[in-house]
Amino acid sequence: EDQVTQSPEALRLQEGESSSLNCSYTVSGLRGLFWYRQDPGKGPEFLFTLYSAGEEKEKERLKATLTKKESFLHITAPKPEDSATYLCAVQDMEYGNKLVFGAGTILRVKS
Amino acid sequence: DAMVIQNPRYQVTQFGKPVTLSCSQTLNHNVMYWYQQKSSQAPKLLFHYYDKDFNNEADTPDNFQSRRPNTSFCFLDIRSPGLGDAAMYLCATSRDNRVADTQYFGPGTRLTVL
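Residue numbers (my numbering), protein chains in the order written: chain A, 1 to 111; chain B, 1 to 114.
By construction, these hints were calculated from the structure, which means they are not laboratory data.
Where hints are given, some of them may not hold.
Derived lysine to aspartate or glutamate pairs resembling DMTMM-like cross-links, with alpha carbons at most 25 Å apart [said to hold, decoys possible]:
| # | chain 1 | residue 1 | chain 2 | residue 2 |
| --- | --- | --- | --- | --- |
| 1 | B | K44 | A | E17 |
| 2 | B | K38 | A | D92 |
| 3 | B | K44 | A | E60 |
| 4 | A | K98 | B | D51 |
| 5 | A | K63 | B | D101 |
| 6 | A | K57 | B | D101 |
| 7 | A | K59 | A | E45 |
| 8 | A | K69 | A | E81 |
| 9 | A | K98 | B | D96 |
| 10 | A | K98 | B | D77 |
| 11 | A | K110 | A | E60 |
| 12 | B | K38 | A | E56 |
What follows is a list of derived Cβ distance ranges for each label pair [to be verified]:
| # | chain 1 | residue 1 | chain 2 | residue 2 | range |
| --- | --- | --- | --- | --- | --- |
| 13 | A | G96 | B | N28 | 15 to 23 Å |
| 14 | A | R12 | B | T102 | 23 to 31 Å |
| 15 | B | A58 | A | P8 | 25 to 33 Å |
Using N, Cα and C, we set each Cβ at its ideal position, and we do this for glycine too.
Given only the sequences and the hints, what does the whole structure look like? Please build it.
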């Protein structure tokens, strides 16, 4: 059975204090790993898709990386508007397009 | 802008009273999904449609049904809501299901069961 574990559960940063969020996963064969941002009371907003180990993607202050067992979401010099829950999800080749999500990391950035 | 729309955003129903949640999309995507997300938990897939083909997850309760009358619309019917069905219900779409296509989510419907 696919498993996705995100850590830490919650993270408090000062504005400008860089850090990383972790997503560990277990799948039969990785079809894709997805990062989403979710604001309170809203639906997840797509950030990145990673397909194979060694791949990296960047968008503004965010950078996602992938290994065979985990993915990291690096946040460089965060701002208060980066505060949200960050969700990681995997697609397993055995189960088609089903997304299995982790519980998320709640990020709070204080000014 | 092309988007995924969910109505209503907030729904209150009584224990055992049937309720229908609506999702529409202007992306012209082939696949539509329904997820359930309880407070502080991960979204969990209930079922999806690839075009008109319905795919139910093995652990989705029989109390949950879905209809997709056309490409643009998909409905989630909860026949007899229980207190444990209170959650955020998320609709998502993707272009295809044969590759790792991105799923785009709507804003969600928050369901309260009294």
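Inset, instruction - Against the earlier hints, flag every one the structure doesn't satisfy and list their numbers going up. - result: 1, 3, 8, 12
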